[in-house]
Amino acid sequence: MTRRRSAGGFGGTGSAGEGRRRSRESGGVREPEGPPADPEAAARDICLRLLSFSPRTRAQLADALRRKGVDDEVAEQVLGRYTEVGLIDDEAFARAWVQSRHNGRGLARRALAAELRQRGVADETVKDAVEELAPEQEESAARELIAKRMAATRGLDPTKRTRRIVGVLARKGYPGSLSYRLVREALEAEGTEELPDIPVDD
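Under numbering that gives the first Met the number 0, think of the first position of the sequence shown as 0, with each following residue one higher.
By construction, these hints were calculated from the structure, which means they are not laboratory data.
Take the hints with a grain of salt, since some may be wrong.
Unchecked claim - Lysine-lysine pairs mimicking DSS-like chemistry, simulated, CA-CA at most 25 Å apart:
#1 Lys171 x Lys159
#2 Lys147 x Lys159
#3 Lys171 x Lys147
Claimed, not checked - Label-pair restraints from in silico Cβ distances:
#4 Ser51 x Gly119: 28 to 38 Å
#5 Asp196 x Leu86: 46 to 56 Å
#6 Arg116 x Asp196: 31 to 41 Å
#7 Asp37 x Ala151: 52 to 62 Å
#8 Leu49 x Glu72: 40 to 50 Å
#9 Thr158 x Arg80: 57 to 67 Å
#10 Arg170 x Thr82: 30 to 40 Å
#11 Gly154 x Gly85: 16 to 26 Å
#12 Arg80 x Asp196: 57 to 67 Å
#13 Gly103 x Ala150: 15 to 25 Å
#14 Gln117 x Glu193: 33 to 43 Å
#15 Arg180 x Glu39: 50 to 60 Å
#16 Asp196 x Gly154: 18 to 28 Å
Glycine is no exception: its CB is placed at the ideal position from the N, C-alpha and C atoms.
Given only the sequences and the hints, what does the whole structure look like? Please build it.
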């Protein structure tokens, strides 16, 4: 008995004539099956994948969508919806960033503000977040940093030592006047007799 070939259906090959006709109609290239990808669904997927790794600001997600070629209107719809439901919260992001980076890296308000602005956080939100860091917290962190650097620079000329430590604090965002005062106090506590007189700028 001769087995009949299926003319269609799931897993069928159809007739040779039908195959040649479909090939001609598609220019010899197999066309993708199913409807085109939903741009909004694609944008949601991009955002969720990024948020699953770590919190992101709205601006960071917008940049990611733009790089992926997502239409601005579609991106705005998705970002707006995620902001409404709390998946995007720049204020919470900023507060958490300030505490994490201050406690972990000893960064001062100036450096923290710069980092938040680089991530697209609005100026008013940045201001509110860094102001939650009390001056006493900032000074305490600066003293800890100074104590570590004092141990590492012991034996150096007091002026050179002061410049190095003040430079470290400056890179972490501490004002020059605060840094210089605290370094002088640390040198006095060590018994340094000739304290350096170095002009500093804030």
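Here is how each hint holds up against the structure:
The suggested pairing of Lys171 with Lys159 holds, with an alpha-carbon distance near 19 Å, which does not exceed 25 Å. Between Lys147 and Lys159, the direct Cα distance comes to roughly 16 Å. Compliance with the 25 Å bound is thereby established for this hinted pair. Between Lys171 and Lys147 the alpha-carbon distance is near 14 Å, which keeps this suggested pair within the 25 Å criterion. For Ser51 and Gly119, the hinted distance range of 28 to 38 Å is not satisfied, since their beta carbons lie about 20 Å from each other.
Distance hint for Asp196 and Leu86: a CB-CB separation of about 54 Å, consistent with the stated range 46 to 56 Å. The supplied range of 31 to 41 Å is met by Arg116 and Asp196, whose beta-carbon atoms lie about 35 Å from each other. Taking the beta carbon of each, Asp37 and Ala151 are about 57 Å apart, inside 52 to 62 Å as hinted. Judged by the Cβ atoms, the range 40 to 50 Å given for Leu49 and Glu72 is violated: they are separated by roughly 20 Å.
For Thr158 and Arg80, the hinted distance range of 57 to 67 Å is satisfied, since their beta carbons lie about 58 Å from each other. The hint said 30 to 40 Å for the Cβ distance between Arg170 and Thr82, and at roughly 34 Å that hint holds. For the hinted restraint 16 to 26 Å between Gly154 and Gly85, the CB-CB distance of approximately 54 Å leaves it violated. In this structure the hint that Arg80 and Asp196 lie 57 to 67 Å apart at CB holds, the actual value being about 59 Å.
Under the hint 15 to 25 Å, the C-beta atoms of Gly103 and Ala150, about 20 Å apart, fit the expected range. In this structure, Gln117 and Glu193 meet the distance hint of 33 to 43 Å, their C-beta atoms being roughly 41 Å apart. About 56 Å separates the C-beta atoms of Arg180 and Glu39, a value consistent with the hinted range of 50 to 60 Å. The hint said 18 to 28 Å for the Cβ distance between Asp196 and Gly154, and at roughly 21 Å that hint holds.
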